[in-house]
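Here are the chains, one letter per residue:
Protein chains: 4
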Amino acid sequence: VTRPATPELPYPDAFEATLIDIFERQIVFNQVLGLKVLAARPGDIRGRFAMRDDLIGTRAHHRLHGGVTASILDTMGGLAITVGIAANHTGDTPEQLAQRFTRMGTIDLRVDYLRQGLGRHFDVTAETVRLGGRVGSAQMRMHNDEGVLIATGTAAYIVS
Amino acid sequence: VTRPATPELPYPDAFEATLIDIFERQIVFNQVLGLKVLAARPGDIRGRFAMRDDLIGTRAHHRLHGGVTASILDTMGGLAITVGIAANHTGDTPEQLAQRFTRMGTIDLRVDYLRQGLGRHFDVTAETVRLGGRVGSAQMRMHNDEGVLIATGTAAYIVS
Amino acid sequence: VTRPATPELPYPDAFEATLIDIFERQIVFNQVLGLKVLAARPGDIRGRFAMRDDLIGTRAHHRLHGGVTASILDTMGGLAITVGIAANHTGDTPEQLAQRFTRMGTIDLRVDYLRQGLGRHFDVTAETVRLGGRVGSAQMRMHNDEGVLIATGTAAYIVS
Amino acid sequence: VTRPATPELPYPDAFEATLIDIFERQIVFNQVLGLKVLAARPGDIRGRFAMRDDLIGTRAHHRLHGGVTASILDTMGGLAITVGIAANHTGDTPEQLAQRFTRMGTIDLRVDYLRQGLGRHFDVTAETVRLGGRVGSAQMRMHNDEGVLIATGTAAYIVS
Numbered sequence: 001v002t003r004p005a006t007p008e009l010p011y012p013d014a015f016e017a018t019l020i021d022i023f024e025r026q027i028v029f030n031q032v033l034g035l036k037v038l039a040a041r042p043g044d045i046r047g048r049f050a051m052r053d054d055l056i057g058t059r060a061h062h063r064l065h066g067g068v069t070a071s072i073l074d075t076m077g078g079l080a081i082t083v084g085i086a087a088n089h090t091g092d093t094p095e096q097l098a099q100r101f102t103r104m105g106t107i108d109l110r111v112d113y114l115r116q117g118l119g120r121h122f123d124v125t126a127e128t129v130r131l132g133g134r135v136g137s138a139q140m141r142m143h144n145d146e147g148v149l150i151a152t153g154t155a156a157y158i159v160s
Numbered sequence: 001v002t003r004p005a006t007p008e009l010p011y012p013d014a015f016e017a018t019l020i021d022i023f024e025r026q027i028v029f030n031q032v033l034g035l036k037v038l039a040a041r042p043g044d045i046r047g048r049f050a051m052r053d054d055l056i057g058t059r060a061h062h063r064l065h066g067g068v069t070a071s072i073l074d075t076m077g078g079l080a081i082t083v084g085i086a087a088n089h090t091g092d093t094p095e096q097l098a099q100r101f102t103r104m105g106t107i108d109l110r111v112d113y114l115r116q117g118l119g120r121h122f123d124v125t126a127e128t129v130r131l132g133g134r135v136g137s138a139q140m141r142m143h144n145d146e147g148v149l150i151a152t153g154t155a156a157y158i159v160s
Numbered sequence: 001v002t003r004p005a006t007p008e009l010p011y012p013d014a015f016e017a018t019l020i021d022i023f024e025r026q027i028v029f030n031q032v033l034g035l036k037v038l039a040a041r042p043g044d045i046r047g048r049f050a051m052r053d054d055l056i057g058t059r060a061h062h063r064l065h066g067g068v069t070a071s072i073l074d075t076m077g078g079l080a081i082t083v084g085i086a087a088n089h090t091g092d093t094p095e096q097l098a099q100r101f102t103r104m105g106t107i108d109l110r111v112d113y114l115r116q117g118l119g120r121h122f123d124v125t126a127e128t129v130r131l132g133g134r135v136g137s138a139q140m141r142m143h144n145d146e147g148v149l150i151a152t153g154t155a156a157y158i159v160s
Numbered sequence: 001v002t003r004p005a006t007p008e009l010p011y012p013d014a015f016e017a018t019l020i021d022i023f024e025r026q027i028v029f030n031q032v033l034g035l036k037v038l039a040a041r042p043g044d045i046r047g048r049f050a051m052r053d054d055l056i057g058t059r060a061h062h063r064l065h066g067g068v069t070a071s072i073l074d075t076m077g078g079l080a081i082t083v084g085i086a087a088n089h090t091g092d093t094p095e096q097l098a099q100r101f102t103r104m105g106t107i108d109l110r111v112d113y114l115r116q117g118l119g120r121h122f123d124v125t126a127e128t129v130r131l132g133g134r135v136g137s138a139q140m141r142m143h144n145d146e147g148v149l150i151a152t153g154t155a156a157y158i159v160s
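Residue numbers (the numbering used here), protein chains in the order written: chain A, 1 to 160; chain B, 1 to 160; chain C, 1 to 160; chain D, 1 to 160.
One chain only, chain A, in its complex shape (with noise of 0.2 Å):
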């Protein structure tokens, strides 16, 4: 996994460090789903989660639960709305950034389930599309590790 260099925007590491912190377990439900978020950077967000039999729709079948893609895509489209917030707002404390924080919130979420569920582990992007003053948008993909996509997601974001 390597990351692209974006050497004009000023983002701290200790801001991807932070962030990371954040959505892989002070988000509580991430961590039962066990998302690793591998880029939390302007321009790079990407995450993974591996199989597991609890993720799983049936028995039978062995494919993912379609809330679990749902729940990913969610939680990497509201980072990507992060890390675009923390990037026009470098001069801000960590405490200003942390208030802007609570005030964001998914609006709405439309998840297009292409491919069955199947795979050993799935990897996501996340790209903002628009970031404006009240309201950000963002889409998703889900691909698995041979390189399908399985899922594509958009959703709006208060943020302000």
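Source of the hints: derived by calculation from the structure; they are not laboratory data.
From a predicted model like this one, the values you see are computed outputs, not experimental measurements.
A virtual CB, placed ideally from N, CA and C, is assigned to each residue, including glycine.
Hints are not guaranteed to be accurate.
Covered stretches of chain C (in silico footprint by chain D; criterion: 3 or more residues with CB under 8 Å from a CB of chain D, positions within the stretch not fixed) [claimed, not checked]: (1) 24-31; (2) 48-57; (3) 65-72; (4) 108-120.
Let chain A serve as the given structure and place chains B, C and D on it in line with the hints.
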């Protein structure tokens, strides 16, 4: 929890018991979420789950993770469509019905997060808006234990 | 077409007349579609439009174009939110209200096409599901002149 | 407007001409909107329409009505799926293809309104994200004449 009489439908209690078993236990992730199916009959699709520490989005606010909401809404919409298919094919053998269900799947899901996911437990209802030969559409609603509407959902399902 | 009494709300008839004028005439594209607003009051948001040759999707089938459906659903949902804002600010001057409306906009829209758009005219209702300080959510339904449900919609609106 | 070469696909120019005729003229409402299809080939689905006074949402702001955006996005996504079906069945007679298309329809559509619909004309592209035997999924983007992303869309289509 009372169940409205639906005497006109030859909908066997055994169907309902089987569906409840599938949705509560065989769909493993529903078990992780603690979903209880209260009713799985035509015109009466209801479930409930309790708030738990491992379902929250952030430690600070003790709000439900949006992915939990999405998971439960998707599941209950799928249950509504499943019941609709069963009700349309009451002459089927259990094997024929099981065969029908393997061809079912969620096409896409929209969730609207209307209010913060605060509550001791959450009640979800689902309604089949349309069930055709190829596609079904369901709408879902989630209230907390004080009757506050927390989220709504709409989903499309492929049915054959 | 009867109008339910809403005596508890100090909702002036002049508001309704103004909103009907805005939505039927000032929103020019609604005039192209031939939308008539039948009611624009809290709890009663209704519109109607006639089938016309220039609204069809294909000459062969004489079915409504899906975009017409989407246009009308978006408009009627926006009307529901507009009425909700007006009802929450009955002390406002017309200028203050107009100022509020300029900050409004559709964030996103989902349309479910349930049945073929066949009919002589179509009736659309909208319901405000939630109206907060920042975001509003509405659900819409479109029936044909025989009472068949043709489409449903859900939309989120920014309100300030 | 240049067209990328797709020499590997036995996709006849006559198909493209026929589809352009269908989408520009036989789908009557597209004619009302003034849609011009610039490309209807696998991997290259593009359309354009000019701003006009009768397409605006409000006289005061001269912004595109959201329904126009939804109409064009739905149409161009449907064109992408149609092209995908044609490309998968190049051995079909025109009658067989026409038969396939009559079974097609939009299941549901999501539109995200990212920025105000201001511009002299608007360019729309569509991409088939997934085309299966029963359901297809497309994503669409609309830019104004200055290259600003105005709206995105996602739609599911029934294909057989």
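Hint check:
Using a Cβ-Cβ cut-off of 8 Å, 6 residues of the stretch 24-31 of chain C lie near chain D, which meets the minimum of three, so the contact claim holds. Under a criterion of three residues with beta carbons nearer than 8 Å to beta carbons of chain D, the stated coverage of the stretch 48-57 of chain C is upheld, 5 such residues being counted. A count of 7 residues in the stretch 65-72 of chain C with a Cβ less than 8 Å from any Cβ of chain D is obtained; the coverage claim is therefore met, three being the minimum. Only when three residues or more bring their CB closer than 8 Å to a CB of chain D does the claim for the stretch 108-120 of chain C stand; here the count is 7, and the claim holds.
Against the hints set out earlier in the document, no violation occurs for any number.
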